[in-house]
Each structure stands twice: as C-alpha cells, then as structure tokens.
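Asks: Use the sequences and the hints to build the structure in full.
Given next are the chains, with one letter for each unit.
2 protein chains.
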Amino acid sequence: MTETSTVDEQPGIPARSQTDVVIAGIKGMITDGRLGPGSRLPIERDLATELGVSRGSLREGVRALAILGVLETRQGDGTYVTSLDPERLLSPLGILAELHTPAHAGHLLAVRRVLEAESAALAASALTDEDLAALDAILDEVDGILASDPDMDLERFIDTDTAFHRRIAQASGNPALAGMIDSLVGRTHRARLWRAITERGTVRETQGEHRAILAELKAHDPERARIRMAVHILGVEEFATAHAGDEASDPAP
Amino acid sequence: MTETSTVDEQPGIPARSQTDVVIAGIKGMITDGRLGPGSRLPIERDLATELGVSRGSLREGVRALAILGVLETRQGDGTYVTSLDPERLLSPLGILAELHTPAHAGHLLAVRRVLEAESAALAASALTDEDLAALDAILDEVDGILASDPDMDLERFIDTDTAFHRRIAQASGNPALAGMIDSLVGRTHRARLWRAITERGTVRETQGEHRAILAELKAHDPERARIRMAVHILGVEEFATAHAGDEASDPAP
DNA sequence: GGTGCAAGAATGGTCAGATGACTGAGACGT
DNA sequence: ACGTCTCAGTCATCTGACCATTCTTGCACC
Numbered sequence: 273m274t275e276t277s278t279v280d281e282q283p284g285i286p287a288r289s290q291t292d293v294v295i296a297g298i299k300g301m302i303t304d305g306r307l308g309p310g311s312r313l314p315i316e317r318d319l320a321t322e323l324g325v326s327r328g329s330l331r332e333g334v335r336a337l338a339i340l341g342v343l344e345t346r347q348g349d350g351t352y353v354t355s356l357d358p359e360r361l362l363s364p365l366g367i368l369a370e371l372h373t374p375a376h377a378g379h380l381l382a383v384r385r386v387l388e389a390e391s392a393a394l395a396a397s398a399l400t401d402e403d404l405a406a407l408d409a410i411l412d413e414v415d416g417i418l419a420s421d422p423d424m425d426l427e428r429f430i431d432t433d434t435a436f437h438r439r440i441a442q443a444s445g446n447p448a449l450a451g452m453i454d455s456l457v458g459r460t461h462r463a464r465l466w467r468a469i470t471e472r473g474t475v476r477e478t479q480g481e482h483r484a485i486l487a488e489l490k491a492h493d494p495e496r497a498r499i500r501m502a503v504h505i506l507g508v509e510e511f512a513t514a515h516a517g518d519e520a521s522d523p524a525p
Numbered sequence: 273m274t275e276t277s278t279v280d281e282q283p284g285i286p287a288r289s290q291t292d293v294v295i296a297g298i299k300g301m302i303t304d305g306r307l308g309p310g311s312r313l314p315i316e317r318d319l320a321t322e323l324g325v326s327r328g329s330l331r332e333g334v335r336a337l338a339i340l341g342v343l344e345t346r347q348g349d350g351t352y353v354t355s356l357d358p359e360r361l362l363s364p365l366g367i368l369a370e371l372h373t374p375a376h377a378g379h380l381l382a383v384r385r386v387l388e389a390e391s392a393a394l395a396a397s398a399l400t401d402e403d404l405a406a407l408d409a410i411l412d413e414v415d416g417i418l419a420s421d422p423d424m425d426l427e428r429f430i431d432t433d434t435a436f437h438r439r440i441a442q443a444s445g446n447p448a449l450a451g452m453i454d455s456l457v458g459r460t461h462r463a464r465l466w467r468a469i470t471e472r473g474t475v476r477e478t479q480g481e482h483r484a485i486l487a488e489l490k491a492h493d494p495e496r497a498r499i500r501m502a503v504h505i506l507g508v509e510e511f512a513t514a515h516a517g518d519e520a521s522d523p524a525p
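So the protein lines, in turn, are chains A and B.
Numbers in the working numbering are just positions in the first sequence, counted from 1, shifted up by 272.
Numbers in the working numbering are just positions in the second sequence, counted from 1, shifted up by 272.
Incorrect hints may appear among the rest.
Covered stretches of chain B, as calculated for chain A (at least 3 residues, CB under 8 Å) [unchecked claim]:
(1) 316-326
(2) 350-359
(3) 362-372
(4) 443-453
(5) 477-488
A few chain B residues that don't get close to chain A, going by computed Cβ distances all over 12 Å [claimed, not checked]:
(6) T291
(7) I295
(8) I339
(9) R428
(10) F429
(11) D431
(12) T470
(13) G473
(14) H492
(15) D493
(16) E495
(17) A514
These aren't lab readings, by the way, just hints derived from the structure by calculation.
Bear in mind that the values here come from a model prediction, so they are computed numbers and not experimental data.
C-beta: ideal position from N, C-alpha, C; glycine also.
Replies: Here is the structure:
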C-alpha cells in the first residue's frame with residue numbers, strides 16, 4: 273500500500289487520503305522553493321508517480337488547489353503555479369459571499385465595513401485625477417440609470433455599484449485589501465439585485481451616499497472618506513441584522 | 273456529448289468543464305434551497321447521473337467544494353453540506369497566509385491590523401471575567417516560557433501567541449471576523465517561528481505589547497484596545513515591509 | 001425487553017486503461 | 001518573414017473494477 277510509504281517519506285504530514293498527499297506534496301514544493309509563481313509542474317503521469325498516487329487522485333488534488341487559486345491547468349499545455357498574488361488566493365473567499373446563511377449577513381457586512389472604510393481612507397491619499405474622473409463617470413452613469421425610472425436597469429445599477437467599490441479598493445494600494453473586498457463585493461450580485469428590486473428607494477439613497485464618499489475622496493480627506501464609507505455600509509448592515517430571518521435577505525450597499 | 277445538454281438545462285451558467293458543471297450544479301442546489309447546512313447529497317453514482325457527468329468528474333468537483341469548506345465527504349456514509357458557517361467557509365483563506373509571496377507580507381499584515389484592531393475594540397465591550405482570566409492565563413504561560421531563556425520553547429510561544437489573538441477575535445462576537453483572523457493568524461506558524469528564532473528580543477517585546485492590550489481589554493475601553501492592537505501589529509508590518517525582499521521574511525506578531 | 005456483536009450492505013476512495021479535446025512547437029509554403 | 005497546417009504532447013473525460021470504511025440490521029445472550 274503506497275499510503276504507508278508516502279507517510280514515511282513526509283514525516284509530520286498526517287496524510288489522510290491520497291488527495292491530501294497530493295495537496296501537501298505540491299504545497300511543499302512551493303514552500304521549499306522547487307516551484308514558484310508561474311512555474312510549470314511535471315506532467316500528470318510523472319507527478320502522480322513521484323507522489324505515489326494514481327493519476328485520478330492526482331487530478332483531484334490539483335483540482336482542489338486550482339479552485340484555491342494556487343494552480344491553473346491548461347489542457348494540451350500543462351499545469352502551472354499561479355502568480356500567488358492576493359487577488360488569486362483570495363478569490364475563493366467569494367464562496368462565503370455566495371453561500372453563507374442569512375443569519376451571518378450582518379457579520380459579513382460588518383467585516384466589509386471595516387475593510388472598505390480602511391480602503392477609502394487609503395484611497396483618499398492615493399487617488400489620481402484620472403481615478404477620480406473614472407469614479408465620477410461611474411456615478412454619472414448611475415444618474416443616467418436613475419433618470420429612466422421606473423424602467424431602471426437594475427442589473428446595470430448593481431454593476432456600477434460594484435465598479436465603484438472596486439475602483440476605490442484598488443486605489444488603496446494594498447492588493448490583499450483590494451482582493452478581499454473584491455471577493456466580498458463581487459460575488460453577491462443575486463442578493464443585491466433582490467434588494468434593489470424590492471426596495472427601489474435604496475437605489476437613490478445609495479447614489480447619494482456614493483456622491484458623498486466621492487466628495488471626500490476628491491478632498492483627499494482620509495478620515496472623512498473613512499466615515500462616509502463606513503456609514504454607507506452601516507445602513508445596509510443594520511438592515512441585514514434586522515432581517516436576518518428573512519429569505520434571501522442578504523443585502524449589500 | 274453531455275456537455276451540450278447540461279448547458280441547456282442550466283441557462284446562464286457558462287460551463288467550461290464537467291467539473292465546473294458539478295460545482296455550479298451543487299452550488300445551485302444550495303442556493304435554491306434543495307440542500308441546506310447539514311444536508312446529505314445523493315450518492316456519487318446518482319448525482320453524477322443527475323448532473324450528466326462521470327463519477328470521476330463528479331469527484332473532482334466535490335473535492336473542490338470540499339476544500340472550500342462547502343462539502344465534507346465521509347467514506348461509507350455519504351457526502352454532506354457543511355454548516356456553511358463563516359468559520360468553515362473562511363478556512364481556505366489560510367492558503368493565502370501560507371503561500372503568498374514575501375512581497376505581499378506587509379499588505380497582508382495591514383489587513384490583519386485593520387481586522388484585529390476592530391476585533392479588539394469589539395471584544396473590549398464583550399469580554400467576560402472568564403475570558404479575561406483565560407487571557408491572563410495565556411500570558412502567564414508566556415511568562416513561564418520567558419523565564420526559561422535561553423532554552424525557550426519557541427514552538428510553545430507561537431502557540432500561545434496564536435491562542436491570545438484567537439481568543440480576542442472570538443470575543444468580538446462576529447464569527448466572520450473571527451474566522452478571517454483565525455485563518456490569517458493560524459496558518460503562519462513557520463514564518464513566525466523563524467522570526468522568533470532569529471530575533472529573540474521580539475519575544476519579550478511581544479509579551480509586553482500583549483500585556484498592554486490586555487490591560488485595555490480589562491478596562492473595557494474599546495478605543496484604547498483598538499489602538500494597542502493596531503500598534504502591536506504595525507511594528508511587525510513595518511518590519512515585513514522593510515524586509516520584503518528577504519527569504520522567508522514573513523513575520524507576524 | 002435490552003444490549004452487544006458480527007455480518008452484510010451501502011458508499012466513498014483508489015486504480016488502471018482507453019479515448020477525446022486542446023495547445024504549442026515545428027515544418028512547410030508563399 | 002509571416003501564415004498555415006500537422007503532429008506530438010498533455011490535460012479532460014469516461015468506464016470498469018476493486019478496496020476501505022461506515023452504518024444498519026439481524027441474531028444471540030442476558
């Protein structure tokens with residue numbers, strides 16, 4: 273049985289399954305420097321032999337690491353280590369945004385509030401005129417959407433909302449922070465669409481709050497930007513906390 | 273070819289591979305309410321048939337969702353949806369802590385600083401006498417470790433350090449926040465051990481800072497606790513940012 | 001009737017082999 | 001030099017068989 277020999281070869285790694293052997297083996301290759309960002313792995317057949325597992329088990333382990341953003345497979349070419357950037361490694365965080373239970377919506381929004389307030393504060397000092405013009409353009413587009421009420425394109429509104437938050441997060445200059453916010457904001461489309469549909473008034477309110485945030489960003493005032501962003505998200509957080517028992521009650525700003 | 277029929281059955285889901293079909297299919301079962309926390313999935317053979325894929329492809333998809341904390345498989349029993357708690361869904365975040373490149377250590381620490389400062393502030397209002405006694409016991413244990421210098425058990429020191437931060441995060445009352453901190457703190461053992469070994473002085477300094485944090489927590493002063501925690505992590509963040517090019521230079525407080 | 005144990009059924013875990021789909025490199029033609 | 005085609009290499013998928021683990025059920029004993 274190859275499991276015994278594999279455990280012997282890697283003392284301290286309690287391998288519970290062959291797939292765990294694969295995951296631990298590849299992670300070890302990365303941490304010990306044999307593989308780095310962008311490295312190509314040995315072909316499946318050879319790597320399976322090296323790790324003492326079947327090709328099927330190897331594939332299961334590779335698939336797991338792929339969804340974690342560590343590896344990417346290219347059919348016909350090979351399997352590669354990704355850039356291991358925060359954006360890559362944080363993308364699985366979106367599953368939390370998609371699948372958490374309604375009882376936890378408020379908790380998640382509280383985390384977002386903390387992160388996004390920080391990113392707004394950092395961005396206030398870093399935003400260029402070009403960035404600010406781009407943010408202005410996003411909000412101008414929302415004005416256009418609002419002008420077509422009652423036939424507002426709510427899908428488009430959600431997209432602009434996401435773009436607004438994303439742009440600010442990127443301007444923070446911290447890729448880990450931006451990646452985290454991106455994952456938390458970008459994958460809640462369905463719930464936010466639901467809220468926009470059921471509570472039309474929040475669309476205008478959100479736009480007003482976005483304008484207030486942008487004004488402080490333009491003033492390059494970190495603390496005011498932080499406060500504006502925090503209160504923007506706090507409204508929705510309180511809504512979510514109050515409606516934690518409702519079906520699909522996971523709103524977002 | 274089953275891929276075509278599967279795409280037809282789930283319009284709007286651009287399935288790129290059979291495993292993607294599986295992942296999207298199971299996620300859909302969760303979001304549309306057919307499966308909930310703790311639910312048992314159909315057996316592999318039946319589920320593969322239902323989704324129109326082979327058992328091997330089904331397994332790859334299940335494995336991917338398992339490592340994301342969405343599913344857990346029990347041999348001989350079946351495959352289950354997890355509790356979908358933040359703790360579960362955030363555990364994959366630890367991969368970021370393990371595999372990010374040194375260039376991003378400072379970024380990650382900055383995120384931790386924001387999150388942990390917030391958790392300290394929340395905890396300051398929520399900590400019970402029992403919690404505070406437990407935190408005191410942790411730091412007393414560290415005093416014992418320090419007393420055995422130069423034969424300090426650094427592994428033990430790292431464990432107590434982790435326990436201290438974890439206990440505070442849990443006391444915040446926000447499981448998403450606690451889960452995130454847990455994932456970011458709990459999986460950086462190797463790098464923190466390296467720092468403790470190479471810079472013995474930081475062990476005493478850390479203990480001093482932990483004592484200061486605990487004093488503010490005992491005083492139930494959210495803002496002072498926030499500041500103490502922030503400056504505690506800021507020191508290491510600045511160290512990491514200054515040594516971003518060094519090998520294994522990912523320290524942590 | 002209650003308890004414990006063994007056997008069998010159910011189900012996930014693994015492997016091997018075959019075939020299909022895709023990619024990149026090299027050869028060839030213009 | 002550039003574009004196109006071919007082929008070898010490699011991942012993607014499927015099938016079938018066997019192994020390992022867990023749970024359920026039946027039976028024996030008290």
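Asks: None of the hints should be skipped; say for each whether it holds.
Replies: Outcome of the hint check:
| no. | hint | in the structure |
| --- | --- | --- |
| 1 | 316-326 | violated (count 0) |
| 2 | 350-359 | holds (count 3) |
| 3 | 362-372 | holds (count 8) |
| 4 | 443-453 | holds (count 5) |
| 5 | 477-488 | violated (count 0) |
| 6 | T291 | violated (6 Å) |
| 7 | I295 | violated (8 Å) |
| 8 | I339 | violated (4 Å) |
| 9 | R428 | holds (17 Å) |
| 10 | F429 | holds (19 Å) |
| 11 | D431 | holds (16 Å) |
| 12 | T470 | holds (18 Å) |
| 13 | G473 | holds (26 Å) |
| 14 | H492 | holds (20 Å) |
| 15 | D493 | holds (19 Å) |
| 16 | E495 | holds (14 Å) |
| 17 | A514 | holds (16 Å) |
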